Structure formats: C-alpha cells, structure tokens
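Participant: In case you want the letters, here they are:
Number of protein chains: 2
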Amino acid sequence: MTLDPSSHSLKTLLNPRSVAVIGASEDQTKFGGRLYKTLLHHRYAGAVYPINPGRDSLFGIKTFPSVSATPTAPDMVIMALPRDKVKGEIAACAERGAKAGIIITSKFSDAGPEGLALEREVVAVAAAHGMRLIGPNCLGLISPVNKLVLCSSPALNVEHLIEAPIGFISQSGALMGTLFDRSHGMGIGFSHCVSVGNQADLELNDFIEFLIEDERTQVICSYVEGIKSPQRFVELARRARAAGKPWLMVKAGATADGSRAAYSHTASLAGDFAALKAVCERENVVMLDDPLDMLSLARAMVRYPRRAVRNVAVITTSGGGGAITADQLSHAGIPLARFGAATAEGLAEHYSEGQAANPIDVGGRKHEGTDELGVVTAELALADPATDLGLMVLTTAPDVPGLTRQLADGADKPAAGGKPTLYVMLPGRVAVPARAHLVERGLPYVDTLAEAMSVLKGWKAWSDFREPAAPVRPAHGYAFERPAAGLLGEAASKALVGRAGLPVNREVLVRSADAAVDAAGSLGFPLVLKVVSPDIAHKSDVGGVALGIADANDLRERFARMQSRIAEAAPHARIEGYSLQAQESGELELIIGARHDAQFGAQVVVGAGGVLVELLKDVAVLPAPVDAASARRAVETLKVAPLLGAYRGRGALDVDAVVDAIVRLGWLAHDLSQSAAPGEDFEIEVNPLKVRLACQGAVAVDARARIGRA
Amino acid sequence: MTLDPSSHSLKTLLNPRSVAVIGASEDQTKFGGRLYKTLLHHRYAGAVYPINPGRDSLFGIKTFPSVSATPTAPDMVIMALPRDKVKGEIAACAERGAKAGIIITSKFSDAGPEGLALEREVVAVAAAHGMRLIGPNCLGLISPVNKLVLCSSPALNVEHLIEAPIGFISQSGALMGTLFDRSHGMGIGFSHCVSVGNQADLELNDFIEFLIEDERTQVICSYVEGIKSPQRFVELARRARAAGKPWLMVKAGATADGSRAAYSHTASLAGDFAALKAVCERENVVMLDDPLDMLSLARAMVRYPRRAVRNVAVITTSGGGGAITADQLSHAGIPLARFGAATAEGLAEHYSEGQAANPIDVGGRKHEGTDELGVVTAELALADPATDLGLMVLTTAPDVPGLTRQLADGADKPAAGGKPTLYVMLPGRVAVPARAHLVERGLPYVDTLAEAMSVLKGWKAWSDFREPAAPVRPAHGYAFERPAAGLLGEAASKALVGRAGLPVNREVLVRSADAAVDAAGSLGFPLVLKVVSPDIAHKSDVGGVALGIADANDLRERFARMQSRIAEAAPHARIEGYSLQAQESGELELIIGARHDAQFGAQVVVGAGGVLVELLKDVAVLPAPVDAASARRAVETLKVAPLLGAYRGRGALDVDAVVDAIVRLGWLAHDLSQSAAPGEDFEIEVNPLKVRLACQGAVAVDARARIGRA
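Here the protein sequences line up with chains A and B, keeping their order. Residues 22 to 731 (my numbering) make up the first sequence, in order. Residues 22 to 731 (my numbering) make up the second sequence, in order.
Just to be clear, a hint being listed does not mean it is correct.
The list treats identical chains as interchangeable, and a pair is accepted whether it falls inside one copy or across any two copies.
[Claimed, not checked] PhoX-like mimics (lysine-lysine), calculated; alpha carbons at most 25 Å apart, straight line:
{"no.": "1", "residue 1": "K106", "residue 2": "K51"}
{"no.": "2", "residue 1": "K106", "residue 2": "K660"}
{"no.": "3", "residue 1": "K387", "residue 2": "K106"}
{"no.": "4", "residue 1": "K168", "residue 2": "K440"}
{"no.": "5", "residue 1": "K168", "residue 2": "K108"}
Worth flagging that the hints you see were computed from the coordinates, not collected in a lab. Keep in mind the model is a prediction, meaning the values are calculated, not measured.
Could you put together the complete structure from these sequences and hints?
Facilitator: Written as structure tokens, this is what we have:
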C-alpha cells in the first residue's frame, strides 16, 4: 500500500468534481434517499451520479446501473450498503478509478476482530488502486465552503448552509450532526466538518493537517476519542500554532467510566488522559469539557482573532445576575478587571455609587431614561486598559434588543479598541430578536452562564500559553547509564537518579552493629536505619525503620532491637543488610517521578509528597524533556505551591533546586525512553524529595523504580 | 407597628378581590401602560381600578382620578411612581383602606442612608393602617394559579400562563423575569412568583411560609442574596421538610466578588456563605449554582415527587455522547448504575457486545430496523434495581421525535416502576417536536449536559439527606464556664477545651531549668518546651520551641539555649515562663475549631490539620451543637478521610475520638453563643488534634481562642 496522506489530495476529496451516490433513491425513509436529496438541495456544483439499477432518473437526474457505467470515474463515492456488500462495491469503485470513498456502514473494527479483518481487506482493495477512504462507521462530511453535503443527518434539512472559517473533525458521527444542528440555530457556520469514524485509512490527523493548510479555516475544532499517531499529532499542533490557528479539543475518556464508553464506541483506546493533557498544554491545544462550548469559543475566536482574554468587565441588566456572574468567574479563576480612575469617574456620571464598578448593573443608573446608556457603558468598560473582554449578561428587561444594539454600538467605538465581547442571553423568547441582531453583526453569544465560563476558561488558557524554550541538557553532573530491567530497590533507584544529578542522601549498606558504628563516623548523626530485604515491602510494619538515631550507643541499641523485631515479625525474609542513612531535614516534602506513556513517551510528574499525593491528586504532568521555565510554571500550579514561598515566618524554599531536579529527571526519562526496546517502559518515583530553605537545596531521601516490562 | 405576618393574609395578598393600578395608561412605553395591559390580558377575575386623573376609561374600563375615588377599598395597589411621590401615595392608599401595596420604584434602602430613612417612613405610614408592602425596588408578582400578573416584564407577553406547583421567591426582580421567560419557553410553569426587592416590610421568609402552606405548591425555589431573619429561616426549612416540599436555593455572594456585587444590589449583607451552606445542608435546603438549573430540578421533582436519585442509567443515540456523559457524571460524583445479569441479558438480545452496558448506545443495535427498540431499552434500563433514574442523552439522529416517544413509552411500562427520567436534548431545531412531545407528557428535559449534571447533583444531595438526631450533651466530663473576654494563650485555650472534655497534652509552666527538671518527672520524656510570652507570636522564629527533649541533661541544655536565643532575638519580650509539655504521638493531624456566625450562631469546623488547612480548604462546617452521626458524616466528606481508615500497612485511626471531640466542641460553642452578650462572638482553634490508632484516642497539642468582641 502506498497511500498519499498529503493534504493536497484531501483538497480534492473535499471538493470533488463528481460524486457517485451508491443506492441513491427518492425514498426519504432510506439513507440513500435522504443523502441524495440533501446533496441536491445544497446545490453542489460538481457532477452527481446517482447509482440505482432499477430507475432511469431520480429527481430528474439520469441514474446509472453501476459505478462502472458513469461517464467519468467519480472523484468521490459514498455508500451505506449492508456490511457484506461493501468490499465488492469498493473494489468496483477502485477499479473504475474513483479517487475516494465514504463508507457509512458500521460493524467493522468497531465490532470486534472479525470486523477488523474485513475492514483491513476493504482498505487494501481500495489502496491497490490508490483510492482513499473515510470511515467506515462514520457520518460523512459537510463542506459549506464547497456547498458539498455528503451526510444524511436531519440536521442538514436547512435552507442554507452557513459558511465560517471553523473546521470540525469528529470521531463521533452523531455528535457532528448534533453540533451542526445546534450551531446552525445559533448562527455558527463551518468551513468543513468531517466524521472520521473508524479511521481505517484517512484519520483525524490527516484532516487536521488539511485544516491547517486550508485558507478558509481559521480555528480548528476536534472531538477525539483516541489518537492514532501521537508523534504526528504533536507535530501538527506545532504547525497549527505556527499558522496562528487555535486548535480546540474535546476528549472523551477523561475518567474511567468515560474510557469504557469510548472503547465500546470506536474500538480506539482512550489512552492516558493525563499524558495527552500534558502534551496539549505544552502545545496549546485547548481542551474543553463540552463540544457545544468548543463551538462557541471557536466562533468567538474567529470574530476576534489573536486576542488574549484574561480580565473581564461585566455589564448586566440585573444586580442579581451580576452577583452570580461574579461568583462563577471567581470559581472559574477568571479575574474581574479592576477599573482605573478614569473609568470609575466616567461611570459615576451615570450610575449611583454602588453600581459604578465591575460588574456594572445598568439597572443602577442615576437618571431615568438616559439615552443610549448602553453605548456609553460598553465604551467606558472596554476602553479601560484593565479590560480584555466585555461580558454582557442580559436578563429579561423591557428593551433587550435595544440594549443589545446599544452595547454592540459602544463596543464598536474607537475608544473600545475592538476588544472582544461575549453576550450571555439569559432570557428566552424575549431575546430572540436580540440574538438575531448579534448573529447579523457576527457577535458571539451563549445562552447560559455555565457556557460563558467554559468559553472564557478555554480562551484564557489559550491566552496564557507561553512558547516553551527548547529543553537544555544539564551542563554538568548528568550521566546516563541504562540500568538492567527489573524492580530497583531504594539504593539502586537512588543511584539511578543520583547519576542524573539529583541530590540523594548518603547511605551505607552495613551488616552488623560494629560496621554501622564505623560508617556512622563518615555520615554524621542524626541517622536513619532501614532494613534492606527483597521480601519486606512495608519496612515500618516489621519495625524495619529507625529514625533520629542520636549517637553510637543509640545506634547499637536500635540496631539490635531492629534485628530481633524483624526476626520475630518476618522470620523467613532474606536480609541483605541494613541501610544507614544521613537523616535529612527539609521544610516541605514533594514527590517527583517519571514514566513512559505508550502514546506520548517520556513524562515527568511533580506534586505534593508523602501520603497526600494519592488523596489530593495535587500533581502536574509534563512531557519530557522539559525546559526550566515550564517546570517552574508546573510547580506554581500545585495547590501546595504557596508553601514554597515565605510562609508563617519562615523564608522561601529552594524552588530552583526543585526545578533542577525536575529537569534532570526529565532528561533521565527521555534517555530511558530513547534507549528502550519496543514494548519496554519504566516508572521512577522519588518520594519524598525534601525541600529546604532557599539556596539550601533539596534532597531525595527515598526512591523506587521499575525498568523494562510492566 | 403591629404587622400580621401570617400566611393567611398573604393568601389574600396573592389573590386580591380588587387591584388598583396607580398611573395606569394605554401607553406601552410606560410602566403603568405595560403593567395594566398585561394584567388585563391574563384575565384576572377580580375588580381592576385603573387610576389616571386625565382619562375616563382605558381599554374600555372606567378609570378613577385617585385611589380615594374607587368604589371599594382595593385589596391591592401597585405603583412605579417617582421616588418622591411614593410616600404620599402610599399614605393615601393606606387611608383608603388598601390591604397591600407593591412599590416598584427603586433608590430606597438600596441607595444609601437617606433612601433607607425614606423607606422606613413609607413602611410606617402603611403600617399605621395595617397595610402590607412588597418592595420597594422589586418587579412585582406573578400568580398563574390566580391568573394574577402584577409585573411589567416583557416576559409576560405570552398567550397563556402555565400553571405548575412550583413557587419561586426572588430577591432579584430581573432574574425573576428572566427565569419566567426562559421557563415558559421550556414548558415550566409556576404557582406563584414573587420579587421581594428591598424587603422593607414583607420579606423572603414570609413568602416561603406562604408557599409551605399553599396547597398548590409542591417545590419551593428561591434566589437569595441575604437572609433577614436566620432563626425563622431555619424553622421554615424544617416546616418545608415536614410538609414534604423540597426547597431549592441559589445564593449569590458565595465568593468575595459575588458578595460585593450582591451588596451593591440590595443593600443586604451576603452573610457568611459557609455558615449558611452548613445550615442548608443540615436542613436539606438544596443549593445550586445557577437559577435555570434550579427551575429544571424543580420541574423534575414536581413530576417525580419523593423519588431518591443516586444511580443513573444512561441511554444515548451516540457513543461519543455516552462517553462525554460518563466523564461528566464521574466528575459530578454521580455513579453509573451497575446493571444486573437480567438487564445485561435482556440488552444482549438487541445490542452488540460493547453496547449492552451502561451507558447504552442505541446506535449500537445488533439488528438494523428493530422496531420500538427505544421502548425495550428504556424499560430494561429502568427496571434494573440498581437504576434510580434514566438519563436520555439525545443527539441529532434521523427520528429524534420517534425515539423520544419510544423512550417515554418504555419508561411508562409497569416494569420500569415509574422511575424518573431526564432528557438531555442536545440537538437544536431537529429536536423541537421532541421537546414539545416531552412538555405535553410532562416529562423534564434540559438542553445541555452541564445543566443535567447540575440537576442530578442537586437531586442526589436532596436524596442523600438524613434527618439529624437531636444533639445530646456528653454524659460525663463536660463542664462549661465562660472565660473572661480577650485573647486566650495556649494554656488557657487548652484549659477551655479541656473542661469541655477534649483530651489535651499535659503541660506545666516553669520559670527555671531546675523547675523544668522537677516537672519532667511527672510528665515523662520525650518532652516539648515552648516559650510563653504575650509578645511572641511566632515562637519558632525566635528559637522558642524545642521538640523531642530526651532526658534531663538534654532538657537543661536546651532550656539554656532557648533563653539565650530569645534574649538575643526578642530582647524586649515579656517572658511569662516556659511551657513544658508531654510530646504526643499521632498518625494524623486534624484541625477542629468553633466560631460564632453573626446570622446562624455557633458553628464547628473540622479539617485537614497543620499548614494544609489553608491551602486545601479541606474543611467541613457544621452548625452547633451537632449530633455524633452528623459529625461522623462530615469527617467522611474530607479529602483526608481515607487517612483515617487503614492505610499503607497501619490500622484504622480513632474516628470515634475525633467525633467525640467535635461533639464536645460543638456544645462548648453552643454554650458560648448562648451566654454571649449582644455583639459578642468567639473563635476557638485546636490545631493540631493528633489522631492515634483506633481505641488510642486523639489529643489536642496546641490551641488558641478569642472570646468577646473581634
């Protein structure tokens, strides 16, 4: 198979000169009937070849008994045949010279191994003639800019398609139809929508690449269940960024329950959500929870290209609405813009004391019947340098359409600087003309505060992105040597991270009290003593850990006590010896770790250490290797981050040392990934890393690792 | 003033025999014109007296030059006069014998001290004649069951009002109009809606009481900015519960930003959100974040009275939709029902392997064209004993209305047991007839997954409620003695909680090393030494804390070191002595505390101890006194709760001791509140409470308290 994945061929695929509809009919209860009628309705400009051996013409267009009888080889064929007829028909189309085909039929790889085998055969017969496939188990495509609709969804029963520079690629066909339907009602249009189904041949990444290059697309939306080629995904994210096109994504399978549902849907693995999320954060692919919110954000970004949104001015018709909005912004982590003196002064002319601040309640006007108060208010709020976006929260009021028009006029004033606005249209029927007015002016709106929050969170995440620096190998003190596969004990694990340059506490393996006392001299009191045995997983359960050993006498006594308690509690354990360690002090315990993700490779992790890591999930994940600035930002996102600053009378801690440890562990992870044989992975965990006051470093006092196969 | 707050009088108020509209006109740009037309349009059955000295009749109804000229004293008057005319008009109405009045006009107590003074005068002139007032600064009322509309909102320009047993009391007028508008469009009706405005006379609680007694109301909704009479609020919550009427609430001012906006709106203090939330949890008043979601939950509860909802079966037209739904349910803490063998078997007849589980994707059917598959599926999913509710997540598909009808038919089958369903209508225009069908059958739906999650979370919270037992005073070991006002040091604070029966570590105040060594004998090593000084806030900053003192020599040495370091670091500090304390061991540190809330009185708090309490906000708040079972449930909600069970090889901790400490602190808080003079409050904090293994207790090792004025 030599498949040409270039987006050039997709350009033809999405704008074919001719389309053959296998099984076309006039019967609107049949797939072929609905599809054919929809295609004609939207006035596709190319040649249409209805294939139906039983009819001479359909809706006045000449039919053909089979694809072999068409006047030219069709650029595109589409079919929803029963599964056992698909392969034969694809073979016929491929032989006829069709360039591409869409297979709607399901029960291929989505239905188990037998279906997968058949799917592969179908791809092979097409590929033998250079024919490309979309699907199977998909809903087809909608390309408003090409007036091409190859989709039978009832969502397409609309008078006109709306064109807009938003591309949407979906791994779920039903969701594509739903979003098209809902978006159309809100005045949101598309350049191209593609349902990729099982991705037997053409896959999500192929269409993303096409959208990056497509001059009629500015914002890319995607609904993703699993990524087929992670490396290419990362590369495309960078290209989208370089092209200045925001890429938004909803990913199913964020939780265990979600993964199960995704698995049963398209037979693609949901992958490790945290790893994907880390990659998306690094590459500024913006993840949202809900596909409708994704489309609303896309519309806003298309209207206000390249605008950063961080601080929000709220204008509302209701003090109650303003209060709830302020609460929800606060929960979403989006600050209210703090107006400057000029804005406050300007507002004070029109508003009574309490209302001349953010949020602004236009109901709190000083003088009844102020003309065009909405214009002045929007202009003032947006002109303030602290404002990035105006959030207009409209409740049911006497003249919602008039006020909406006024606010939009105010935002159009030169002083408002073309800053973005987002309207929250809380009313129902009363605001219908206002919604229409917004659509006419190309202004984005949503209907609930929850949607507004989701849109603003996504927009802020996109705005806050900083291009990461290239990771740099530590200049000194880093050495890599691949350890043998297996579970590594504490000493071997510390040796591994120690070679990478992480400070580890000193330890000596001893086998007797005398040897311990000898070693103590070089380590210095206080000391820690731990039993070393491959048979003892929880050392403290059998009395195998002694902390705070003060002097030589104490050491002898506690060595003896440990020996006797272990002899009693674990009589059959093989004892390799006892690890005598310098007892390290520290102000805060963190965990840092590294792992290999099957899709995205090396990752590092940092979080609250000790027992809290499991309970609080206070963890940041980063693809490895990582640059120092990104590592620092990740540390700053932790809930325990305030403890790294000056806190309760003590000074700030050594964040530089934490960042250095993360960077070094990142390179270790990278080198382990690069040197791994196929199917091999690894896990390394340092817990705790004790962090000291600034300039006093951090030290790993315990570690474990697994190298090789799980 | 002798005001009669009984709900009997409100019954008349909401169903008056006659209404006078001050300033009625035919001019639809004026308030009086819109209000008058709306009142007539909805065919109010009582007498209507338009008051307008310049006209003989309006819309064919005889007018009167003033309220003194009406044939009978009106039961109700409504006005939106300029502020300076309100008092005179109210006086005239009161003298005429009007029973009640609605004042729409704003700029009274909502606009500062001058407005407040005027507002009080207005209330006084009405009260002098026994006339009751709603407002000022309100939007009036809508009483569909009485066909009474005293509200000028354009939301009322609808053909018919929808009656339903949902009452809604709002502190924001604009929100009432908005919610009425939005709800009407979704087929949600009301019994009564009242906008209470500044609550100068009649307040939120009055109308809540009315709704509790009103036989045409089953579910109570409220939008609240501040509570005027907290005791009555609590009492009403109990009465609502006793009446079997769920009470739902959206409270503005949950965050600092929200509070500011609420304050500027109605001049009512937002109060302490955590305290209100604790009271609502104890009384099963269900809090939601969004008013629209509140109405959707009310509709569902009205349709399915007294149904508990915990586990959800999802039926969807899209695997993708199912995956996202499963993710969102998981985030919301709502479990997917685990189907039993019978359900799985039944589903397996119709679905391929992956789809015969929860969520069920009806697109994953085995056989094309199965008739009425929706009926069978809904019946099977709802009949499963594990299912409490069927969540129908519909995407755009060929026959959404047909499938919707099938699912509803399935839910009507006897085997489905009348269990609740909630439809999520993701499509736009395609689902319009399906929405109409649901409204016709009285079945609840929402348009987004986010709304569904909010509804289900609220429903589950209501379902999970357990009636708290009456708190019982500890049978022994509890003594109360009110301390003198002021800041209490560690020893005095420990003495205070010690008298309440909390175990505290033993301590002795010493002033010399000799005295310390003497005292050590009774305490036993290891010991802790802490400086005691009113001038030293952060003891460890000046070397004022020594831990793990091992023996008498160690004690002398560290006593001397502490003295010299403090002399250096804090030469002017008044040293009262040194506290020598038994060093206590514990497996986990918690914080427990108590405070007095200005509105709701005594509260206790429990959370993760040490420094984490501030960072993680892992805290539960309870009104005091508290029963043991409620205290235990609160502890179980903490993020650190898993650490109280068996964990990493160690046994479970002494939760009984923690619960006992909370109960005792609750009584202490109660007794402090009861014995306080007006304006006095208090704070007590035990941090840490060290918790040991089961049966080994818990012990307070540090405490602080403030008694009296802040």
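Participant: Please go over all the hints and tell whether each is borne out by the structure.
Facilitator: Hint check results:
In this assembly of identical chains, the alpha carbons of K106 and K51 lie at most 25 Å apart only when taken from the same copy (17 Å versus 70 Å across copies). In this homomeric assembly, K106 and K660 never come within 25 Å of each other (Cα to Cα): the closest approach is 57 Å inside a single copy and 56 Å across copies. Proximity of K387 to K106 under the C-alpha cut-off of 25 Å is restricted to the inter-copy arrangement: shortest distance 17 Å between copies versus 74 Å within a copy. Proximity of K168 to K440 under the C-alpha cut-off of 25 Å is found in neither arrangement, the shortest distances being 33 Å within a copy and 46 Å between copies.
For the identical chains of this complex, K168 and K108 are neighbours neither inside a copy (29 Å) nor across copies (66 Å), given an alpha-carbon limit of 25 Å.
The structure fails hints 2, 4, 5 (numbered hints given earlier, in ascending order).
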